[in-house]
Amino acid sequence: MAFLYQTGRYFLFLRRVFGRPVKHRIFLRQIIDEIDDLGVGSLGIVIIISFFIGAVITLQTAYNIEMPIIPKYTVGLAARDTILLEFSSTIVSLILAGKVGSHIASEIGTMRVTEQIDALDVMGINSASYLVLPKVVAMIFINPFLVMISMGVGIGGGWIAGTFTGVVPSAEYIYGIQYGFIPFYVVYSLLKSVVFGFLIATISGYWGYYTTGGSLEVGRSSTRAVVVSSVQILLFNLIITQLLLA
Amino acid sequence: MIEVKNVCKSFEENDVLKNVSGVFEAGKTNLIIGQSGSGKTVLLKIIVGLHEVDQGEIFYDGRSFTGMHGKARKEIRKEMGMLFQGSALFDSKTVEENVRFPLDMFSDMSMSDRIERANFCLKRVHLDNVNHLYPAEISGGMQKRVAIARAIALNPKYLFCDEPNSGLDPRTSIVIDDLIHEITKEYNMTTIVNTHDMNSVMGIGEKIVFIAEGEKCWEGTNEDILKSDNTRLNDFIFASKFLKQLRAGN
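Which chain is which? The protein sequence lines are W and V, in order. In case it helps, my numbering puts the first sequence at residues 1 to 246. In case it helps, my numbering puts the second sequence at residues 1 to 250.
One thing to keep in mind: the hints can contain errors.
[Claimed, not checked] Straight-line Cα separation of at most 25 Å, BS3-like style, residue types lysine-lysine; simulated pairs: (1) V:Lys227 <-> V:Lys241; (2) V:Lys207 <-> V:Lys157; (3) W:Lys23 <-> V:Lys207; (4) W:Lys99 <-> V:Lys93; (5) V:Lys157 <-> W:Lys23.
Note that these hints are calculated values from the structure, not bench results.
From just these sequences and the hints, can you work out the full model?
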């Protein structure tokens with residue numbers, strides 16, 4: 001019953017979120033602020049994680065396929081496909097669900113328990129739309145860019161690790177990342193990132209918006225936002241993969 | 001004028017308001033008093049539309065607020081200003097941005113006019129040189145005054161204050177009370193203040209509604225209140241041993 005209640009309330013919340021903004025000029029400024037806060041603010045963690053995971057994927061692949069019949073460029077190919085298909089979209093989005101999701105839920109949750117949302121409602125402002133819609137638009141817009149950056153940094157990290165440790169020659173790695181390249185994999189990954197961006201912003205906004213109580217509940221909402229967003233990302237990853245790659 | 005007619009409200013099995021009625025007049029500081037948990041905050045939240053009634057009606061100058069939805073309700077809301085218990089200032093905005101916020105959202109004024117209006121409202125609540133500070137950088141009393149400035153920015157017809165003195169020392173409380181009272185007179189607003197502070201009751205209570213256990217038990221003025229023989233009201237007003245002795249002495 002609780003699951004049905006939350007699901008129903010989430011969809012009603014979405015209807016309010018997609019209400020018309022009071023002033024478009026203010027709405028656009030909010031989107032730019034959110035892109036800076038949620039997107040640009042996450043760039044550092046995305047670059048660091050992508051670099052090291054790309055490096056580790058390359059090294060692990062190289063150490064596990066040390067057979068003469070398997071060409072060395074396979075390392076580059078495997079690293080590329082892992083990064084393009086799964087790591088940069090899904091894993092980076094899971095990391096963002098933790099960082100951005102908890103940020104959104106705690107920010108909105110704090111506004112709820114300190115009556116700032118009530119203040120917006122009394123003024124006649126659609127508080128759900130005012131607070132959450134700019135974050136949704138910002139996440140849908142910026143997440144694909146973060147994923148593209150992650151792809152580049154991850155593959156670059158793999159090249160640096162492979163070349164400097166000597167497990168795969170530079171030319172072989174570069175040949176591998178170009179070999180049998182399917183451009184649709186990038187499209188598939190970017191499509192996933194748009195869906196995941198939407199899920200992170202709306203689910204986290206939902207848990208923050210319906211926080212009741214005090215600071216303890218803000219913490220709980222923040223945790224729930226991360227857990228539910230992560231589970232939904234995994235679920236939608238499965239659905240989208242089946243729909244687009246089957 | 002705001003009229004509350006036969007309002008009932010329950011949360012699950014708990015009846016919070018039981019058939020409450022009352023009239024809150026324009027140009028007067030109307031007080032809703034009662035113990036913590038008596039239902040006065042719920043009543044105020046129903047009046048401003050943050051909670052819906054189970055039964056009954058709310059009228060704003062004859063316009064049925066409970067019967068309104070969407071755009072019509074939004075229009076009435078633009079005539080409201082509210083001061084929340086914890087001030088409810090936006091943390092991420094400076095003092096000036098907080099006061100300017102309703103103007104940014106709803107007025108077609110130019111930026112310079114909005115800044116001028118915000119400064120006027122801040123001066124009205126006796127605040128200078130705090131425009132660029134954030135709410136966390138000013139005192140509780142100053143936060144309350146900024147919240148009043150924000151509430152009056154759009155020249156509202158109705159002002160609502162939920163426990164305006166909570167967390168403030170007695171002297172600052174009087175400053176806030178006087179400010180609310182002066183502004184009510186100046187703009188001829190219908191002001192409703194939720195409080196359990198007896199200094200406020202005696203200082204600014206031109207019309208007082210006493211609520212106990214979700215029911216309206218008494219109404220009158222600050223002059224009538226000390227003469228009342230309503231037992232529940234007297235238990236509330238003369239709650240301390242000192243006041244009880246003082247009253248017995250009189």
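(message) Please list, smallest to largest, the hint numbers that this structure does not respect.
(response) 3
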